[in-house]
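Please arrange chain B on chain A, whose structure you already have, making use of the hints.
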Amino acid sequence: MLPEDSIFRTCTKEEIWQRYCGFLDLSMDEFMNIQKHLLMEQIDIIANSQLGKKVLRNQRPGSVDEFRKTVPFTKYEDYEPYLTEQNEAALAEKPFFWCHTSGRGGFFKWIPYTQRAFDAYLRHTLAILILASAERKGDMRVKPGERVLFNLPPPPYLSGSIFYQVSQVFSLRVIPPFDKAQEMSFQERIEQGFRMALREGVDVIASIASVLAKIGERTAQQSQKMKFTSAMLHPALLITILRALISSKLNRRPMLPRDLWSPKAIIFGGTDTSIYRKDVAYYWGKEPYEMYGCTELLTIAFQAWNKKWMTFVPNVAFWEFIPEKELAKAKEDKDYQPATVLADELEAGKAYEVVFTHFYGMPLVRYRVGDMIQVVALKDEDTGIALPQIVFKTRIGETINLGSLVELDERTVWQAIMGTGVGFMDWAAVKEYAQGKALVRLYLEPNGQVEPEEVEKLMDEKLKEMDVDYRDVGSMLGLQPVRVTLLAKGTFERYYRKKQSEGADLAHLKPPHMNATEQAIQELLELSKQN
Amino acid sequence: MAGILENPIYLLPPLFAFAIGIFLALLVLRKDFRSQSHQVFALFLLSAALWGLFIYLMRASPDAQHALFWERFVPITGFGLFIFYYHFTCIYTRSARRGVLLCAYALLVLITAFVFSGLMIKEMTVESYGYAPRVLPAFYFYSFASFVLMVMALVTLVRTYRRTAQHQERTRLSYMIIAPTFPFVIGILDFFPSLPPVSLFGNIMFCLLTAVALLRFHLMDIQIAIRRGTTYLLVSTLIAIPYLGIITGVSRALGSREVPLWVHAVLLLSLAFALQFAWKGVHDWVERRFYRNRYKYVRALEELSHRTTGLIELERLANPLLTTLAAAVEADSAYLLLPSGEGIKLMASSNPDYRYPRISLPVDSPIFSFLEHHGGYLYRRDFELVTQLQALSSKETDLLLKELQGELFMPLKIRDKLVGMLVLGPKPNQQSYSASDLQIILSTIPQLTVTVDNARLYEAEKQRASELALLGRLGAIVTSELDIGRAYQGFISELSAVVPIDSSYIALIEDEKAELSIIAAYSSKEPVWSVSQSMPLPGSGTAWVREHHNLHYEPDLSQHMTFSTDEDLRQKGMRSVVRLPLYGGEDVLGSFVLASQTPNAYTEDNLRLLRQAADQVAIATQNFLLYDNERRARLEIERQNRERIELIEALAHEIKTPLTPIVASSELLLEELATDNSPLRNLARNLTTGAQNLNRRISELMDFAKMQRAGLTFNLQSVDVHRLLEHVASEMTPLLRSRGQGLGLRVPASLPRARADPERVEQVLLNLLTNANKFSPGDTEISLRARQEDGSIVIEVADSAPRLTEEEVKSIFTPYYRSERVRRTHGVGLGLAICKHLVEIQGGRIWIGQNSETGGNIFGFSLPVSGEMEAAAELSEVRDESPVDRG
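Residue numbers (my numbering), protein chains in the order written: chain A, 13 to 543; chain B, 473 to 1359.
If you are wondering where the hints come from, they were derived from the structure by calculation, not from laboratory data.
Hints are supplied without guarantee of correctness; some may be wrong.
List time: in silico DSS-like cross-link candidates among lysine-lysine, alpha-carbon distance up to 25 Å [stated by the list, open to error]: (1) A:Lys155 - B:Lys503; (2) A:Lys106 - B:Lys867; (3) B:Lys503 - A:Lys25; (4) B:Lys867 - A:Lys48; (5) A:Lys48 - B:Lys817.
Just chain A, with the same shape it has in the complex (with noise of 0.2 Å):
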């Protein structure tokens, strides 16, 4: 028996309860001790090793303050060369097994998970099934042999690394299996990982928000002109197929997912998680689970069983907050070391930057990641969790600044695009000037007929419904800022191939949403004129 399979046969539900969620139970107090006693562990793991030496700058605090105050912020690239040659002598411990995400230059993000952090995140995996799948506290609906249709990426990228090291650990059935996604693109694999749900069912979807809303949309679609093939006459296939169809006939709509599957959990994570959350509860009859967290650390926060806000998980790194206002300090002054906040400090309705430092001897110290989180509460009166409740904000450097009136992030756009009711198959915007004056230009490749003038009208006063800052922007400017030039259909799709035949990795296939680079948008533009 798997290790974590015995958990789940030996222990009572809210003892498994207790082990994978009872961090939501903690006070404010027993979360802040956890985080020091871990911190102060880790700096006594990583004091010796080479890298540890430099990033803390040949210093051992002997407090969280003399921490705070003695060692400087870092980036990726202050770990250099050492992680990206997979140099594990110059770890304060061996790795377990490395993973790698794509940087923001396009180069590859190499992070080592050790053995006691992995044992940590199995445990924020295993929790994070559990709450998604839950519909109050204490309700425990996942057991050992779980199906999980995985549409996030394999390994050696984290999530897969991670599905994969906690399938050796605990009863999964992968759908498609890791061996055979491996060799398959990421479009085969969500075909085929589809094609044997139907056959198999599925309890558990880990999925990228905007695919699962397509696969919703595409059935919706493609169910009035629905044929019946020999690959249905297999007796699970041919059940699930017809039960499906009675029941959209009983509800008098299309067939949609919701039909065909009744997973016990839907689990999201990226950016566009918000955008697609209303559709993806209609396509698929379940309400999406959220959680944050990057290729430096798996976990940063997720949901509860209400899956409503964030809670910030804490074993797996020290938390520190960087508060807007020491952010603008320290855009004004490039020297100004900005101050943090620890989470006992957040203030309720505040965005802060997060920065985190690496539990259980992995590499990073006082790490910039990058991300904007909002605090929306202290505590959560509904589930009756006493921790800070945050959103995911945005990535820094990912919004568009207009004028310093407005800053338009990914997700503002994205929502605007979508509410403006317009059908697309992708979308990229970039800053633009006109008249000396900043602009939004969004590249848009529309599912139908539509133009230019009418996309931008709409976009605009979507953008004013959302955003106050943005109703000004026009007023001031004394310009429109949204301009929309519309790209063929299949522009994307042809990127995307050719970014496939380059040999481009997963995280280039597409161009960034938001401030692409020129060379993308000129490919962009010379493959729409290609129809």
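Below, chain B without anything else, positioned relative to chain A:
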């Protein structure tokens, strides 16, 4: 039939079963309405309730026909009861088998079909107790199917019980396993038609036990329940047998069936008295049977706890207590961890290999704070479950779970404050700690806690007393010695008895030079620092302690070095360094630095003591600084004085050189004019007197200068005072006569010899007599007298001069002092100062008294009497090495 049906003993039990079933079902649903296991369990209870209801309706039926109608529902609800229980066990143990469950529910349908097709119950008969069914073969099938379902439920529960490690959960499963045996064991009686139906009571017990198991979190240990039950049963039997025997005997003896009430009363009272003895005996007997081998340890533990309440020495008590406790609960080992300054240390153990405090946890270990703030205790498996314990470092977890192999972690608390932790090792064959084990441990913990607290208070007092004594000694050293070097050596020698010190120093901050200077240093072996050595202040540890106003401790220089200046220390083998600020008011004057060749040498206790010791060092440093300033000022004054004396001496010498021929010439001139009565003779006399006066003054000045430079030579010898005084008297007589003054000499014949330099004594006498002559009116008598007084010879010059004021008496021996009344006379105010010095150098003293006879003054001085034995040895030269006044 009416009489039977109206019998409440017959009718009430099924109604009671119905009420119990409904009540428990509501409780279960109230606890967790959404839980599937609770829902199915509620169905089980509802089935039991309906079963009771149908039995009641059957029993209350007016005739057999009606009874048969209701009786048909009884097996259906009865079978439902077993199916739901089995279904519940599948959900509860998470071992659901869909196929088996489907078959079971299919059987329910089949049995229902049997019932209503008349294949199960043929008819109802009327027995002495009420209605009884006449069953058909299908009824036996129903019974068998129920039995199989129950066995399957039991197997499921037993399997889960075996793989469950947690004691509480095992107890819960025990209840669930034992509960179904009641309807079966009691239900067997229902197969005897002559006996009244009693399976109802079995079912009530079944429902009650399982519901309690599900609803209550803390359950009484099943073994304890059995033990108590056995004890009650045995005691009841012991009481009942003699009671019945005696009653029967009395009844027979009296030949009547009625036994008088007083017999019952007497018997009950007697048995009540006997009950307490019976209870204790039976209880002990059952306990002994239950504990078997452990019984003697449990007793020993009780005995030990009782006898050792007053002990305060932790080692003497805790080790045997833990050994006995471990044996009593069959634990592999037991350890006691207590907070001790810098950490939580292992202070006692049942395992002789672990009886030294080499194992310790950090004082803020999360396990301690968890046990302090959350009730109860921790099992090994809680390390996997409790979020707060995820803060434990790998070292802490390894220590507790691998090295000590802890299975059970019990807090020792006094008024909600944690004073220690008891760790119990594994039991044989991976058994878990039972409730009775916990009972034994929990009963031992108060004793252990009291012992620990007593020992802690005792140790703290001892420590405080020894620290106070040490600090007292250090304080005495600091205040009794002005020389910082000597004070520091004594200080460190005392301190090193309790704190490891291989090297240490005091560094003073010199801001103007941006330097540190070492004013005292100590090294046990090779010198690491030397006094007066300087080092740069910026970037030094002393600069750090001044900035942070705190001590700085570097536990291991080979691992980490905060200050590059410590490289020298590391090279000389030092591993731990601690620096403490030395305060002068609110400012940091410098630092007190201690180093040891041992890594992590300084404990929290050491650092606490050093903080106090640093205050003493700061006092010594301030004393040193004051003394040093004063010494510098004194040296400066001495230098100036010396220069002044040298100038006077040189000046006197320069004057005296030309004066000598003037004196000689004037004396010759006076001799030449001795017979001349012309004014020239008077002029010559005046010239001679003035020259001699000037010569004397200059001699005095030169003498004084010599004294100041410690340059006078004394020729101490045995002196005949009588002769000396006669000689001085004859010498002074002409001068005295010149003013019409007489000199009375009074010296006893038996006056012993004095130990003195006769020339210097003569000088003193001449000075005193000259003053007497000068200040006494003419035609008065001056008295010179001597006497022996307490081993000294006292010589006095009594005059008739105006009496000296108190102020004059006080200052008259001070060099250059001249009172108002003598300002007009010649002199520089050195004569009496020289006298005082000359007398004191010879071992005597000088004073001024009042001459009551003349109203004048008495100038007296003493000289030591010369002994016969020392007379010879005294003929040696003594040099004046002490200046008259250095201030």
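Holds or violated: lysine 503 of chain B with lysine 25 of chain A, Cα cutoff 25 Å?
holds (15 Å)
Restraint status (C-alpha distance of lysine 867 of chain B to lysine 48 of chain A at most 25 Å)
holds (16 Å)
Could you grab the alpha-carbon distance between lysine 106 of chain A and lysine 867 of chain B and see if it respects the 25 Å cut-off?
Given that 25 Å is the threshold and the Cα spacing comes to 17 Å, the pair holds.
Quick one, are lysine 155 of chain A and lysine 503 of chain B close enough, alpha carbons at most 25 Å?
Holds: lysine 155 of chain A and lysine 503 of chain B sit about 23 Å apart, inside 25 Å.
Given the hinted pair lysine 48 of chain A and lysine 817 of chain B, is their Cα-Cα distance within 25 Å?
Judged against 25 Å, a Cα distance of about 22 Å means the pair holds.
In summary, this structure violates none of the numbered hints.
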